[in-house]
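J.: If you want the building blocks of each chain, they are given just below.
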Amino acid sequence: MAKELLKGNHAFAEAAIRAGVEAFYGYPITPSTEFLEYMSRRLPELGRAFVQAESEVSAINMVYGAACTGKRVMTASSSPGISLMMEGISYIAGTEVPAVVVNVMRGGPGLGNIAPSQGDYYQMVKGGGHGDYFPIVLAPASVQEAVDYISLAFDLADKYRALVHVIVDGNMGQMMEPAELPPMKEIPKEVPDWAVSGAKGRDPNILTSIYIDPEEEEVTNLRLLKRWKEIEKNEVIYDEYEIEDAEFLVIGFGTAGRVASSAVRQAREEGIKAGLLRPITLAPFPQDRLIELAKQVKRILVVEMNSGMMLDDVMKIVQGKVPIEFYGRMGGMTPLPDEILDEIRRVAANPAPGAKDPRDEWIIRMDKMLTGEK
Amino acid sequence: MVATTEVIYQRPESFTDAHTHYCPGCTHGVAHRLIAEVIDEMGLRERTIGVAPVGCSVFAYRYFNMDFVEAAHGRAPAMATGIKRVLPNNTVFTYQGDGDLASIGMAEIMHAAARGENITVIFINNAIYGMTGGQMAPTTLVGMKTTSSPLGRDVETAGYPIRMAEILSTLDGAGYVVRRSLHDAANIRKAKKAIRLAFEAQERGLGFSMVELLSSCPTNWKISPQDALEFVAEKMVPVFPLGDYKVSPALESLKV
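For the protein sequence lines, the chains are A and B, in the order given.
Residue numbering for the first sequence follows numbering that gives the first Met the number 0, starting at 0 and increasing by one per position.
Residue numbering for the second sequence follows numbering that gives the first Met the number 0, starting at 0 and increasing by one per position.
Just so you know, the hints here were simulated from the structure itself, not pulled from any lab data.
Among these hints, one or two may not hold up.
Counterexamples of contact, computed for chain A against chain B with all Cβ distances above 12 Å [as the list claims (entries may be wrong)]:
(1) E21
(2) R47
(3) V50
(4) A58
(5) A66
(6) G69
(7) E86
(8) E179
(9) L206
(10) I236
(11) P336
(12) N349
(13) G371
Partial pick of chain B residues on the chain A-facing surface, computed with a CB cut under 10 Å [to be verified]:
(14) D66
(15) N89
(16) Q225
We put the CB at the ideal spot given by N, CA and C, even for glycine.
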């Protein structure tokens, strides 16, 4: 198939359709609304289910219901909408049914704004809903990558009976890029043996997240954790750029990682041995690779569109073995390649910072930048 | 002469052998039984998917011999929607209490009805939160004492009981909305007919169907089972009048 010029949200929706999604339940919210609009036309055309729910709370619980039938089901929303969905997300995780949730992130907290952000890292990667559970989190950095990983998201959801989040920022939902869509997959006819479909010729299937006996809940928690350990072992994905002889490692995901790759290219042109690690699975995080790279490089620069959320994970993994610096833009601001290039130059030229938290010195630099002080 | 015996009454196939956890005198058991009998009579068991609520009937799935899912508090109509839209040929019903349906789940029930979602809802109205130990419900009567309205429901601060059957019947998507009571045998028989019609409505694709059942909660009302049934008849029925609030013309001629 040939490449087409596609709007992010439309491309993601079509990718999900071609991956065999049989139902979409959602609620309008900027900057993900085109996802819902696209589904509202395409799914009925194909004889599949679409409902514009009365709220995100309801939408995710519709997803929960359909997930219990074993069919491929999803929703897409943006940050405040995802907050409302956290109830159902926890139930889906607790019931061990597969579902895919796309978050086209925007500036926050609160109503925030509709500009691109990565401020939902904690919410998506660390759980967000109540209880012990472990979502798989994919963070693509281009429309094409999102198209590819949305298919994978459904496969992983089915493989592990797990919740898979695909997180992109508003840039990716709104921008148009050339991308190649996959061929249409056949919808599988067989029903998974755990799904509800009517107890014909078999014992009833009961799908619930309630384990009123704490001993049973603990067994369930342990099962979820063991499954997560399998996922950590098998499903780590990341991208690297100019990494082989890198002395200065830049780490960024999604749009921030993509902008950082331009900055790394420019830094190389200036003779700075910079390289990029771009985690694509934020959960499971490419921990082993980062441990290896921490032995190789002199300094690490984490770049995010938030206040340093993945930074905490990087610090935890690197354990002080290499100095870490941070550059973030927040509130719906997207960094430019030049900003990151300046950071790479600074990190390469200056001795390691003294502060314990890389954010401390970054805050001082941010204050200066925002007030125009030199 | 050879004596022959004929089975005229037995446990419905749609029931499991489990003993319920319901309190003595509670009408949940009666409501469950009526649903199971109707599903048996209509031959729907093997394609029915039930949606249990949060509340005293949270374990309803233990008692029904059929596929079941367990919803979050108030979200059963959303979950049922999600299921029914991908399995339109299955029978899907929710079983919800008054806190679940008329308080935390108000948005879900209203919009499921407004969409004409082709599901059946059995709504147990006993004017109280049972599982959490007797707090004020949206259907608690004015002046009624609960653990969270210890001086009696005061309309100045806690407002008035909500009449769900009446409200839902105003929505065009509703095909069958009635209120019945479980306080005596005659009313139980009428309740069963209503449940039958509600499932018939779903079978015929007539849209949203709901049977509201006035029910007793002797434990949390802190009165005897017999007094509780009398309370339903004397105090609840005047506030929640029994009757047919919406009956699709396609059901009117149906004899069950």
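J.: Hint by hint, note whether the structure agrees.
T.: Tested hints:
no.: 1; hint: E21; result: violated, 6 Å
no.: 2; hint: R47; result: violated, 8 Å
no.: 3; hint: V50; result: violated, 6 Å
no.: 4; hint: A58; result: violated, 8 Å
no.: 5; hint: A66; result: violated, 8 Å
no.: 6; hint: G69; result: violated, 9 Å
no.: 7; hint: E86; result: violated, 6 Å
no.: 8; hint: E179; result: holds, 29 Å
no.: 9; hint: L206; result: violated, 5 Å
no.: 10; hint: I236; result: holds, 30 Å
no.: 11; hint: P336; result: holds, 43 Å
no.: 12; hint: N349; result: holds, 52 Å
no.: 13; hint: G371; result: holds, 48 Å
no.: 14; hint: D66; result: holds, 4 Å
no.: 15; hint: N89; result: holds, 5 Å
no.: 16; hint: Q225; result: violated, 31 Å
Of the numbered hints listed earlier, those contradicted by the structure are 1, 2, 3, 4, 5, 6, 7, 9 and 16.
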